[in-house]
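Could you fit the two chains together into a complex? Lean on the hints.
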Amino acid sequence: MKLTETLNDLANPTRFLALTARTLPWLAGVTAILLAIGLYQSAMAPDDYQQGATVKIMFIHVPNAWLSMFVWGVMSVAALGTLVWRHPLADVAAKAAAPIGAAFTFLALVTGSLWGRPMWGTYWEWDARLTSVLILFLMYLGLMALWRAVEDPSRAARAAAVLTLVGAINIPIIKFSVDWWNTLHQPSSVLRMGGSTLDKAFLWPLLVMAIAFSLLFITLHLAAMRNEILRRRVRSLQMMQASRVAFTSEAAAGPKEIGAA
Amino acid sequence: MSLGPYASFIVTSYALVAAVVLLLIVWITADYRRQQARLKEIEASGITRRSGRSAADIR
Numbered sequence: 001m002k003l004t005e006t007l008n009d010l011a012n013p014t015r016f017l018a019l020t021a022r023t024l025p026w027l028a029g030v031t032a033i034l035l036a037i038g039l040y041q042s043a044m045a046p047d048d049y050q051q052g053a054t055v056k057i058m059f060i061h062v063p064n065a066w067l068s069m070f071v072w073g074v075m076s077v078a079a080l081g082t083l084v085w086r087h088p089l090a091d092v093a094a095k096a097a098a099p100i101g102a103a104f105t106f107l108a109l110v111t112g113s114l115w116g117r118p119m120w121g122t123y124w125e126w127d128a129r130l131t132s133v134l135i136l137f138l139m140y141l142g143l144m145a146l147w148r149a150v151e152d153p154s155r156a157a158r159a160a161a162v163l164t165l166v167g168a169i170n171i172p173i174i175k176f177s178v179d180w181w182n183t184l185h186q187p188s189s190v191l192r193m194g195g196s197t198l199d200k201a202f203l204w205p206l207l208v209m210a211i212a213f214s215l216l217f218i219t220l221h222l223a224a225m226r227n228e229i230l231r232r233r234v235r236s237l238q239m240m241q242a243s244r245v246a247f248t249s250e251a252a253a254g255p256k257e258i259g260a261a
Numbered sequence: 001m002s003l004g005p006y007a008s009f010i011v012t013s014y015a016l017v018a019a020v021v022l023l024l025i026v027w028i029t030a031d032y033r034r035q036q037a038r039l040k041e042i043e044a045s046g047i048t049r050r051s052g053r054s055a056a057d058i059r
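Here the protein sequences line up with chains A and B, keeping their order. Residues 1 to 261 (this note's numbering) make up the first sequence, in order. Residues 1 to 59 (this note's numbering) make up the second sequence, in order.
Okay, chain B solo, but in the shape it has when bound (with noise of 0.2 Å):
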């Protein structure tokens, strides 16, 4: 596959929407970690919902 004198110009682009891509995947990866942590050690500190169940259990 010969991708031409303009070259630069595509593996640019294909290589910027993967990074960003990427980038969104690991950012809300990483948010949901984030939140689950915090509930786990709010409860921990004894704060709990009004229905007993574990904020942090999504299932």
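For reference, chain A alone in the conformation it holds in the complex (with noise of 0.2 Å):
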């Protein structure tokens, strides 16, 4: 009941405003915190028995590969929330969490192709993980594109929604794909069954960075819709004053015909 009547009044455009406009600045403060204690950590972490220092890149590579997927969900939310409970704020923040999610999909490629290198003596593999993440991305791209491509934001948010939630088959693909195919990627070794296998040594550091970049995203995601708002308001302000000049043109050019005739 109170999460429905914290959605209802977070459905006034202003009173999100002025929400964030309090937030923001608190969350920027947290992240950045985090962010540091997060590095600190991982800078002190020992070296892996097998890979060396390379596994200080999981403290990014993980984070930045749960975002990937994390993202889209919200995303996923969101497009529920424009096709099923019409949500006013729901197409801002998917179209908001885009570019974010592109952005940590890439980090999530690039960083774990620098880790594959020494690693797996590859930069790339065309296993089920890797292209199943890079189809993530282009997807990400896509629905970006989609946006620019529709003028209207209404109908541009219908189409981007139905394209989310398509696309939203490819999570559970991502997640399971190191159990359901041979992969060179490793298995899942926090989130599983039976407990995470990683020594504390270096799980108490890629939590921090976990929880360190989730609140980096939703301090970006708010200040982007923030952005998207804002961006509305111009739009409509710009046709009610198209619509001013077509109307004082006409006025002008009235009479005129009148007396012509």
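It should be emphasised that the hints constitute simulated quantities derived from the structure, not laboratory data. C-beta: ideal position from N, C-alpha, C; glycine also. Mixed in with the good hints there might be a few duds.
Unchecked claim - Derived Cβ-Cβ restraints for the label pairs, each shown as a range:
| no. | chain 1 | residue 1 | chain 2 | residue 2 | range |
| --- | --- | --- | --- | --- | --- |
| 1 | B | Val20 | A | Ala43 | 16 to 26 Å |
| 2 | A | Arg15 | B | Leu3 | 45 to 55 Å |
| 3 | B | Lys40 | A | Arg15 | 30 to 40 Å |
| 4 | B | Val11 | A | Gly121 | 37 to 47 Å |
| 5 | B | Lys40 | A | Thr197 | 50 to 60 Å |
| 6 | A | Leu83 | B | Ser2 | 19 to 29 Å |
Next comes the structure, spelled out in structure tokens:
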């Protein structure tokens, strides 16, 4: 009940803007502090007995990989908000999340590649995990292109919502690809049945970095949503401006036409 | 802290993540300023919201 009331409250863009104005500085501060702690812990973490110091890449690769899927999950909930509940901020949330999700997915791919070269002997392998994440990245780019291609935001929102929900099929494929197929990528070692297989010396810095990156996403997402609301205000004011100009020129031209007739 | 024989891979990874995150922050901040400037410009031309409140006011 409380959650429904909060969601209804946030349906008002003006109220949402006021909320972000109050919360964003705090969120940015906590994110910066957690990132600093996480980076310090990552630097101080011991070398792995097999991978040596390259294990440090895990502390940035894994949070980006988690977020690449999490952001699509957020966009899928927003897509339901657009199609089912018709929440006014749902498509704003989806549109604002796409470029941030694309950036995290790009970083997951590149850091994974840079980790793979010394460990696997190759930057890239067309195996199930790597290929499905590449498809996710391309889907993010496709969504961003769709938003730009359709001028009317409400029409673009419906098309993007359908595409997002269809693309959500890829998320369980990414997650379980390492179990369903033989891949070069290692199986899950943190979120798995029977608990994490990581030593605490690696697990704690990884969890701190994961929380820090999640907060980074929330901060950037709220800020990008605020920008999108302002962009729509600009659009509606520009339309008012255009209709006023058209009305004024019609009124100026009107008497002449009557006079001519 | 020694990064061993693969130091370049580790440093490149961290530098790339820092660069992309910084780029995101700069892009979002610049976009906010751009939208605020456009709203103020339109309001200066006499177009206002029906509520009468400034469109650039987010508080």
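Outcome of the hint check:
1. Evaluation of the 16 to 26 Å hint for Val20(B) and Ala43(A) yields a pass: the beta carbon distance comes to about 20 Å.
2. For Arg15(A) and Leu3(B), the Cβ-Cβ distance of about 49 Å falls inside the hinted range of 45 to 55 Å, so the restraint holds.
3. Look at Lys40(B) against Arg15(A): about 22 Å separates their beta carbons, and that is not inside 30 to 40 Å.
4. At roughly 20 Å, the beta carbons of Val11(B) and Gly121(A) sit outside the given window of 37 to 47 Å.
5. Here the CB-CB span from Lys40(B) to Thr197(A) is close to 56 Å, well matched to the stated 50 to 60 Å.
6. Between Leu83(A) and Ser2(B) the Cβ separation comes to about 54 Å, which falls outside the hinted range of 19 to 29 Å.
Violated hints, listed in ascending order, are 3, 4, 6; each of the other numbered hints is respected by the structure.
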